[in-house]
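Produce the complete structure using the sequences and hints provided.
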Amino acid sequence: MTGNKTGTKIGLVAAALAVATTAYWFYLVDEVALPADRSLFVVLFLLAAALGVLALVKRTSWLGAVPPLLAIVIGLFFPVTMSVSEQIVARDTVIEVGDTVPRFTSVDGSGKAFDSRVLNGHLVLIKFFRAHW
Amino acid sequence: MSVDLPEVIADRRHLHGLTATMLSDQQLAVTDLFGLRNQGFHSAPGTEEATALPVPATLLVDRDGTVLWMDLSENYQRRSDPSVVLAAMKTHFDP
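In order, the protein sequence lines correspond to chains A and B. For the first sequence, my numbering puts the final residue at 134, and the numbers step up evenly by one. For the second sequence, my numbering puts the final residue at 430, and the numbers step up evenly by one.
FYI, nobody ran anything at the bench for these hints, they're computed from the structure. Owing to the predicted nature of the structure, the values given are computational and were not obtained by experimental measurement. Incorrect hints may appear among the rest.
Covered by chain B, per the in silico footprint, the following chain A stretches (three or more residues, Cβ under 8 Å) [claimed, not checked]:
hint: 1; stretch: 9–21
hint: 2; stretch: 30–41
hint: 3; stretch: 52–60
hint: 4; stretch: 86–92
hint: 5; stretch: 100–113
For lysine to aspartate or glutamate, the following EDC-like pairs were computed, each having C-alpha atoms within a straight-line distance of at most 16 Å [to be verified]:
hint: 6; chain 1: A; residue 1: K128; chain 2: B; residue 2: D367
hint: 7; chain 1: A; residue 1: K128; chain 2: B; residue 2: D406
hint: 8; chain 1: A; residue 1: K59; chain 2: A; residue 2: E32
hint: 9; chain 1: A; residue 1: K128; chain 2: B; residue 2: D416
hint: 10; chain 1: A; residue 1: K128; chain 2: B; residue 2: D429
hint: 11; chain 1: A; residue 1: K128; chain 2: B; residue 2: E409
hint: 12; chain 1: A; residue 1: K113; chain 2: B; residue 2: E342
hint: 13; chain 1: B; residue 1: K425; chain 2: B; residue 2: D397
hint: 14; chain 1: A; residue 1: K128; chain 2: A; residue 2: D93
Just some of the chain B residues that point at chain A, by a computed CB distance under 10 Å [as the list claims (entries may be wrong)]:
hint: 15; residue: S337
hint: 16; residue: D339
hint: 17; residue: D346
hint: 18; residue: R347
hint: 19; residue: G352
hint: 20; residue: A355
hint: 21; residue: D360
hint: 22; residue: R372
hint: 23; residue: L388
hint: 24; residue: V402
hint: 25; residue: L403
hint: 26; residue: W404
hint: 27; residue: R414
hint: 28; residue: V420
The C-beta atom is built at its ideal place from N, Cα and C for all residues, glycine as well.
As structure tokens, then:
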């Protein structure tokens, strides 16, 4: 019984750490202030996952297993996304400062054709996004 | 410029009240003209519309079409900080 309580408590701490770290992560994302060095986040997320495992080892009640499982899933998910987030361009073909922007055509949100010639004579900011998510 | 379908762009424009010209580049044709296709792991959910994604990037272009400044994201979780872009605009567009 004591073991169950110990595991449940550790599980709650693990889940709280995972959720708090996630909340801080998205706060920084929203502020466009996510640091280049995200090793602190890796440590916190993996610590949450490790505490989740420890909680299950110490044994919990059936319901008490939910928080540590949540901590393990969250704690492993974020480090995995970080490990695959690096962006790589082909260095020999990427546009550079001093280059002339190539002429291009596209369609806008209403399906209307767009020709980059309309940008001639204007100062322009071009942003490439991955997608809406 | 994004790989979103035009209808998704229209939906998000309305949702967020955006006014800038937003273009669809499903096949990454424009992305490839700029050499901005991500060569790394394709970490986004695969769709029929987009099998790859551009590297998030911001470019400032002068009246002659010359690139004055650009910022590439080294990872997709970090985008161009608006304050950095605004400072670059002040430097290059309003010297």
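Hints and how they fare:
Three residues within the 8 Å Cβ limit are the bar, and the stretch 9–21 of chain A against chain B gives 0, so the coverage statement is violated. Here's how the stretch 30–41 of chain A fares: 6 of its residues keep a CB closer than 8 Å to some CB of chain B, so the rule of at least three is met and the hint holds. With a threshold of 8 Å between beta carbons, the proposed coverage of the stretch 52–60 of chain A by chain B is violated, since 0 of its residues qualify and at least three are required. Judged by the Cβ-Cβ criterion of 8 Å, the stretch 86–92 of chain A is covered by chain B as claimed, because 6 of its residues qualify and three suffice.
Against chain B, the stretch 100–113 of chain A contributes 11 residues with a C-beta closer than 8 Å to a partner C-beta. That satisfies the three-residue criterion, and the hint holds. Between K128/A and D367/B the CA atoms are separated by roughly 14 Å; this keeps the pair inside 16 Å, and the hint holds. Distance check on the hinted pair: K128/A and D406/B sit about 10 Å apart at the alpha-carbon level, within 16 Å; holds. Annotation: proposed proximity of K59/A to E32/A is violated, straight-line Cα distance about 39 Å (limit 16 Å).
A hinted pair counts as satisfied when its Cα atoms are at most 16 Å apart, and K128/A with D416/B qualifies at roughly 12 Å. The suggested pairing of K128/A with D429/B is violated, with an alpha-carbon distance near 19 Å, which exceeds 16 Å. Under the criterion of a C-alpha separation no larger than 16 Å, the hint pairing K128/A with E409/B is consistent with the structure, at around 15 Å. A distance of roughly 11 Å separates the Cα atoms of K113/A and E342/B; the hinted pair therefore holds under the 16 Å criterion.
With a CA separation close to 13 Å, the supplied pair K425/B and D397/B stays within the 16 Å bound. For the proposed pair K128/A and D93/A, the alpha carbon gap of about 21 Å is over 16 Å, so the pair is violated. Given hint, S337/B at the interface with chain A, holds; its Cβ is 4 Å from that chain's nearest Cβ, closer than 10 Å. This hint holds: D339/B has a C-beta 5 Å from the nearest C-beta of chain A, less than the 10 Å allowed.
Given the 10 Å rule on beta carbons, the hint for D346/B holds: about 8 Å separates it from the nearest Cβ of chain A. With 10 Å as the threshold, the beta carbon of R347/B comes within range of chain A, its nearest partner Cβ sitting at about 5 Å, so the hint holds. The interface hint given for G352/B is broken, as the beta carbon of that residue sits about 13 Å from the closest beta carbon of chain A, more than 10 Å. Residue-level restraint check for A355/B holds (minimum Cβ-Cβ distance to chain A is 8 Å; threshold 10 Å).
A least Cβ separation of about 6 Å between D360/B and chain A falls short of the 10 Å threshold, and the interface hint therefore holds. For R372/B, the interface hint holds, since its Cβ comes within 10 Å of a Cβ in chain A; the closest pair sits about 7 Å apart. Evaluation of the L388/B hint against chain A yields a held restraint, the C-beta minimum of about 4 Å falling below 10 Å. A least Cβ separation of about 5 Å between V402/B and chain A falls short of the 10 Å threshold, and the interface hint therefore holds.
At a threshold of 10 Å, the smallest CB-CB gap from L403/B to chain A is about 7 Å, leaving the interface hint in force. A cut of 10 Å between beta carbons decides the hint on W404/B: the least distance to chain A is about 6 Å, and the hint holds. With a cut of 10 Å, the hint placing R414/B at the interface with chain A holds, because the nearest CB-to-CB distance is about 6 Å. Using the Cβ-Cβ criterion of 10 Å, the hint placing V420/B at the interface with chain A is satisfied: the shortest such distance is roughly 7 Å.
Hint compliance for this structure: hints 1, 3, 8, 10, 14 and 19 are broken, all remaining hints hold.
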